[in-house]
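Protein chains in written order, with numbering that gives the first Met the number 0: chain Y, 0 to 278; chain G, 0 to 204; chain H, 0 to 680.
Treat the hints with caution; some may be incorrect.
What the hints assert, rightly or not - Listed below are the simulated DSS-like cross-link pairs for lysine-lysine, each with C-alpha atoms no more than 25 Å apart in a straight line: (1) H:438 / Y:266; (2) Y:162 / H:544; (3) Y:162 / H:246; (4) G:190 / H:62; (5) G:71 / H:363; (6) H:116 / H:62; (7) G:144 / H:246; (8) H:633 / G:190; (9) H:363 / G:119.
Hints were generated in silico from the structure; no laboratory data involved. Quantities reported herein were computed from a predicted structural model and do not represent experimental measurements.
Each chain, letter by letter, is given below.
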Amino acid sequence: MVSIALVSSVGLMIFSVLTSTLKLSSQNVVTNVSNYRARQVLDRLGELARYAQDTPVLINPDGALATGTTSDGVLLKNSLGGPYVFKNSNGQTDTEIQTGATSFMVEFSAAAGVAAPKQGDCFSLALSTGPELEVATVTAAGNVGSLSRVVITTTQGIPEGAKPGSYTVTGYRYRKEAYVFVQSGNYWSLRRYPKVTSAMNYTNSASYIVMSAGFQKLGTQPWFTKVTDNGTQAIWLRAVARSSNRSEYAEKISGRNTLTTMPVQIKLWNYNAPPPPTS
Amino acid sequence: MRPHLWSSQVTILAAGLLALAGPIHEIAAQNAQRPEIAFTVHRLNEPNVEGPDVERTYFLAAGKRIVFGQPKDCHFTFNDAGFLILPTGLDGEIQVSRSTFTPESDLAENALKYRESAAKGTPKGATQLEVQQPVMNPYPYNGWKSLGFVWTYALSGRPMTRTVNYINLEVGVQVVVTTLAAKNDAEAVNKIARQFMSGWWVMGG
Amino acid sequence: MKTSNNESGSILLAVLFMILVAMAVVSAAHLATSGQSILTSRSADIDALSTTGEGLLDYAFGKWKVAMDNDGLQNATATNALVSGSNRPAVPARMQVVDLSINPVDANGDISTEAVKTYDYKMSFVYTYRASVTLRSTGVGGERKVTLRRSLVYTSVPPTRGMFFSEGNFELYKPATMVIGGDVHTNADAHISTGTSSSNLTFLANSKVTYVGSYDNAAPAGATNWSSSGTNYPPTYAAGLSSQVKKVPEISGIGLGTASEYDTTDSNPNNDGNRELIEPPVAGHEDPTSIAASRIYNNAGLLINVSGPINSSMPLTLSNGAYTGGNISIKAQNGTSLSAAQAATIRSAVTNANVTQVQTWVPKLVQVSQQVWVPNWVQVSQQVWVSSGYYTGSGKKRHWVDTSRWETQTSMVDQGSYQTQTTTVDQGQYVPTNQYVQKTIYDKRELQNIPITDLNVGTITPALNTLNGFNGIIYMDDSGPSDQAAIRVTNGGVLPTDGLTIATEGGLYVKGDYNTGTTTNPNSVPSNNNPSPNASTTVSGYTTKSAALVADAIMVLSNNWSDSNSSSGVSSRAASNTTLNTALISGYLSSVSGGSNGRSGYSGGMNNFPRFLETWSGDSMTFSGAFVSLYQSKRFTGAWDTGDIYVPPTRYWYFDTLLLTRVLPGIPATGGFVRGQLSRL
């Protein structure tokens, strides 16, 4: 009897310790994962900017370009690789590409790690006006040697003519992604628009994913601020990445508040145009 | 404004002033016939048609404004009778003054007369005096005709070079540029004189 | 009290069960925690690998750039050797480099064994390489791997691909009203301002301004004594400053491998900088291969040397490949074949002498006698009676003792005499004589009489059109005694069919219309007859030819220029409408705080890159071409000013878009190394 009582007591003690451990551990895991996911979103933003096609651009929540040096949103050109060689849509090298054309033959090499474009992608062309064309449709057009070919149509016409017979019309592919902070109660949620196209509506919930809902501003700083550093443009993102407060990360065992704060400052600096050394 | 004198240049300056003293008497006698030159310096701030606005310094000759640039690294003084330039770090001086002649006295035809007049400024006590061949057009700027003479001599044991140059300006007057320098510095002093004179131009001309 | 065996067994079972449950719970907690730490650890490791990878790609860029600069185009074997074996840098201990390579790629990004030349829209040569790195590390949760790639691009750009290329600062300080419609690049700083309002200076939307150093609206640095007056307004950029003005890497040298050879600290005069383009090589010193390949002197099809007043009545004799005679030498090289008759025709197009009255001193040494006292100091001894004495005794015995005596005294006595001395006095005279001398023009900016040699393009063009193998490049120089000689290009309305580059190390004056089709009447060019922003710059029916003028400094003389007025006041040098269709490649002067002769020290800016010497007010200078300011002027160094030098023209200046694709004879490309696209796979 005494033995059972003893065992029971010990067992209860162990059980109690283990339960507490479990509770604490789960709280920590929940908090850590939630924080981590919130932070991860911002880190991805920084990574995208780093390897993007061009420097980030400030935008308003409706997608319009911000006029000042601060904004709630930023547009990035997520680089998807290249080079792509543009020709007249008939595929003939010696045929000029006329001003205003919206149909092109695009050649690329899979062996070089270049993939086929998709609808909604954009191309940046190495021509005097630096045209940027959004892909409307893509149609496979077979191979020529080891090169793959597609015919694309674009939503805009090319603003200048080009001569594939005289020089290489090179394009690099990217996809526009936007990140916009939207206020929701005491906190802000971060919306990610994975594919920004000319037809996309920023207010349509189908266009975006809420990455995390638990953000706050760092002090009273705007979300994104454009600065010039060593003659090169950079954009500061200053935020407090709180635990996301998303329901799947909620800890409900003891009703304890799982929110913690983690200040974040990221400089979105396009590495394809690195700043000059200071010395 | 008095020129600042360095002890090593006292003798030279005295000689220069002596040379300047000579022609002044003649100038007084001939003023009535010659167009007026007054070396007093005037300044004018001129808005430029393009580029930086500039301050022009000029003097008056024959009713025209003759613009010049003040020489760099020199002590520059003036009075109505002429300019005196003392280059820094060089043992020499440059004087610009009215000539006793006019452009009507042809430089080539009257070379010996010009030389005789110029020789009057050679200081007493000069030894080993040598005169070189006359130099035609030592100041070939702005289409000027000019005639120059060069003497070398020793004064108190120091080798010296003296040049006297008569220049017919485009406004119809004649000036004389006299340089006096220790032999070793003569080339540099004359270069400064030529550079100074080359920058003269007639405003509104 | 004893427990029963059953009780003991149950207790044991219960304990075991509780232990198992506890272990399961602990494991679950551990798993949850370690899963979190795996995520964090992995994320940090990927970051570290990316950062290290980017560093390795930058290292690869540096090695590749140096190799290209020093040794020219690299093939795959050479580029991969730059980053393999002992050339591969160390990485942190926990990382391994799986792959680090540099390979030439073609237009589609496929790897090639040799460098592949492609053309971009500017018809620049483009050579693309790809640097690739794969890094691996092992950490919590297993292996991480990152692969990064970066394009390395060498672009060989003729400097005439834009409207204005400047090796030194690009300066526009309060110019007269100006509109710029072409690209501007400076390898140094850009100082751009206007004085009245921003609308006074406009860059059209197609005009990009690129700089390597800094950009501001201030006066050039160091210009303290003239830069503080008035307000500096920024110019107007039609498409906005941020889209038109950019900082870029340097585009350097006068050909691949030249910039890395430049060294002004050594004793070799053949490697001092971009100006080697217009200089002949100095004998006795090494001429670096890359620089030698770019010298216009070496590349010219015709070398014309003038060594004094040209006497065309003297016969031309062929010696060492050159037709020489009467102070001129004409040499064909680089495949040009030249006959004696063609050489004579070319000589007839080159004139530099005229008969001038020269005052010559004719000495007349005259012995002049004069009486001159010649001193003769002599030491003379003479007897002198010295009276002396003394009294002695007293009273009555007092008496005088006389000690007077004769003494010998020595003194110096001048026993000289007047002697007749004969000195030689030159009582000569000036005698005017007519002499054949090199003609000069007075340059009011240089403040010098400039010895001039005229090249009549109208006379030489028919000969050039029939010259077999001629490559369109003439190098002309004056090796006479003056170090400030110049050539003057005249009658240049019609150029040879295949184009013409004229280069000289000295100054170059271009008189009248150039490459416009003008033959006799400048007003047949619409931009002269009725100057306006869109007036045609050629006579109807004339197509411009590839044209370049290259010199230490280039002075534009209008159709109305007259040598006889060159030394007169500026109001006597009235210009007339003039049009040029050519590239001008020339030197620049840096702005300084104070210039000589009362000049401000301002360089004159881009708007005075072609130098003016006339009153152009009311007249226009129309230009279609490109300006290339490639080196400092060494011979024509007169500081800029308006004053008595010039009054500015109305400048209708355009970039000739034909230069986007035209290859100008003898004009090399400047090269730029650029880090291209960076991507993570």
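Structure-based check of each hint:
| no. | hint | verdict |
| --- | --- | --- |
| 1 | H:438 / Y:266 | 67 Å, violated |
| 2 | Y:162 / H:544 | 22 Å, holds |
| 3 | Y:162 / H:246 | 28 Å, violated |
| 4 | G:190 / H:62 | 52 Å, violated |
| 5 | G:71 / H:363 | 41 Å, violated |
| 6 | H:116 / H:62 | 20 Å, holds |
| 7 | G:144 / H:246 | 54 Å, violated |
| 8 | H:633 / G:190 | 19 Å, holds |
| 9 | H:363 / G:119 | 21 Å, holds |
Comparing the model with each numbered hint stated earlier shows that hints 1, 3, 4, 5, 7 do not hold.
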